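K.L.:
What follows is the residue order along each chain.
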Amino acid sequence: MRTVHVTIQPNAAVQVHFAGFAGRTCDTERQRLSQALAQLGVTLDVERIEQSVVQEKADGDQNAANRDRNS
Amino acid sequence: MSQVAWFRVKLALPIGTALPQAHKAEAFLKRAVEIMAREHRGSVGTHLVSLGGRRAECFASVEAPDIPGGVGILLSKTSGQVELLFDARRAGSGLAQRLHDEIVQNYVGLAVASCMKDLGYRVTEEPSDASLVRLLGVA
Chain R
296 MRTVHVTIQP NAAVQVHFAG FAGRTCDTER QRLSQALAQL GVTLDVERIE QSVVQEKADG
356 DQNAANRDRN S
Chain X
36 MSQVAWFRVK LALPIGTALP QAHKAEAFLK RAVEIMAREH RGSVGTHLVS LGGRRAECFA
96 SVEAPDIPGG VGILLSKTSG QVELLFDARR AGSGLAQRLH DEIVQNYVGL AVASCMKDLG
156 YRVTEEPSDA SLVRLLGVA
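Going down the list, the sequences are from chains R and X.
Using the numbering used here, you'd call the opening residue of the first sequence number 296 and step up by one each time.
Using the numbering used here, you'd call the opening residue of the second sequence number 36 and step up by one each time.
Treat the hints as calculated values from the structure; they're not laboratory data.
This one's a predicted model, so the numbers in the text were calculated from it and none came from an experiment.
Be careful, since some hints might not be right.
[Unchecked claim] Sample of chain R residues facing chain X (criterion: CB under 7 Å; computed from the structure):
| no. | residue |
| --- | --- |
| 1 | V301 |
| 2 | A314 |
| 3 | Q326 |
| 4 | R327 |
| 5 | L332 |
| 6 | G336 |
| 7 | R343 |
C-beta atoms are modelled at their ideal positions from N, C-alpha and C, and glycine is treated no differently.
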């Protein structure tokens with residue numbers, strides 16, 4: 296399941312959290328969203344981007360461990 | 036993989052009646068103003084009257100108990116930018132800036148929800164404190 300959490304602050308700051316995307320497809324999705332918003336006059340200037348593959352890997356390891364325990 | 040991105044927003048509505056997005060954008064701006072007015076327990080109109088009795092037509096206007104003299108919302112036909120008209124003797128520039136920020140925040144929320152739906156997400160608004168707009172898209 297892919298999820299996108301968007302938080303819009305009153306000072307024109309926006310945080311977007313993409314989760315569940317394969318590989319670098321969250322980059323593509325970020326660009327699609329930016330382009331769609333630009334059509335409505337909303338320009339998103341990137342201030343910072345953080346990838347979190349470690350968490351995903353940790354989740355994957357945990358899932359593998361759970362599978363091992365259940366087998 | 037997951038990614039968190041932080042953005043700074045600039046707003047300039049598409050202008051020109053030939054652009055289909057311009058109509059959608061104007062409808063969102065109107066809705067954004069209505070949300071702001073509701074949060075201030077105010078009403079939405081189309082003009083502002085100054086202390087001297089001068090009437091100014093606006094894209095929209097809001098009269099509310101905590102907005103002395105009301106505020107007019109203008110949409111620049113050249114830049115697409117949203118500007119506020121207010122009586123500085125009654126409503127200070129700090130209040131006007133805050134109202135402008137609220138309208139922009141509401142507009143961005145409506146635009147994000149619409150774009151995410153167009154991109155195939157099921158969108159819901161998440162509970163949050165009054166100063167934040169939080170949306171969740173699931174695909």
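K.L.:
Each hint should be assessed against the structure and marked as holding or not.
P.N.:
Now for the hints, and whether the structure bears them out:
The restraint placing R/V301 at the interface with chain X holds, with a minimum CB-CB distance near 4 Å, inside the 7 Å limit. Restraint check, R/A314 versus chain X: the minimum CB separation of about 4 Å is within 7 Å; hint holds. At a threshold of 7 Å, the smallest CB-CB gap from R/Q326 to chain X is about 11 Å, leaving the interface hint violated. Checking R/R327 against chain X by beta carbon gives a least distance of about 6 Å; that is within 7 Å, so the hint holds.
Because the beta carbon of R/L332 sits about 5 Å from the nearest beta carbon in chain X, less than 7 Å, this interface hint is met. With 7 Å as the threshold, the beta carbon of R/G336 comes within range of chain X, its nearest partner Cβ sitting at about 4 Å, so the hint holds. This hint holds: R/R343 has a C-beta 5 Å from the nearest C-beta of chain X, less than the 7 Å allowed.
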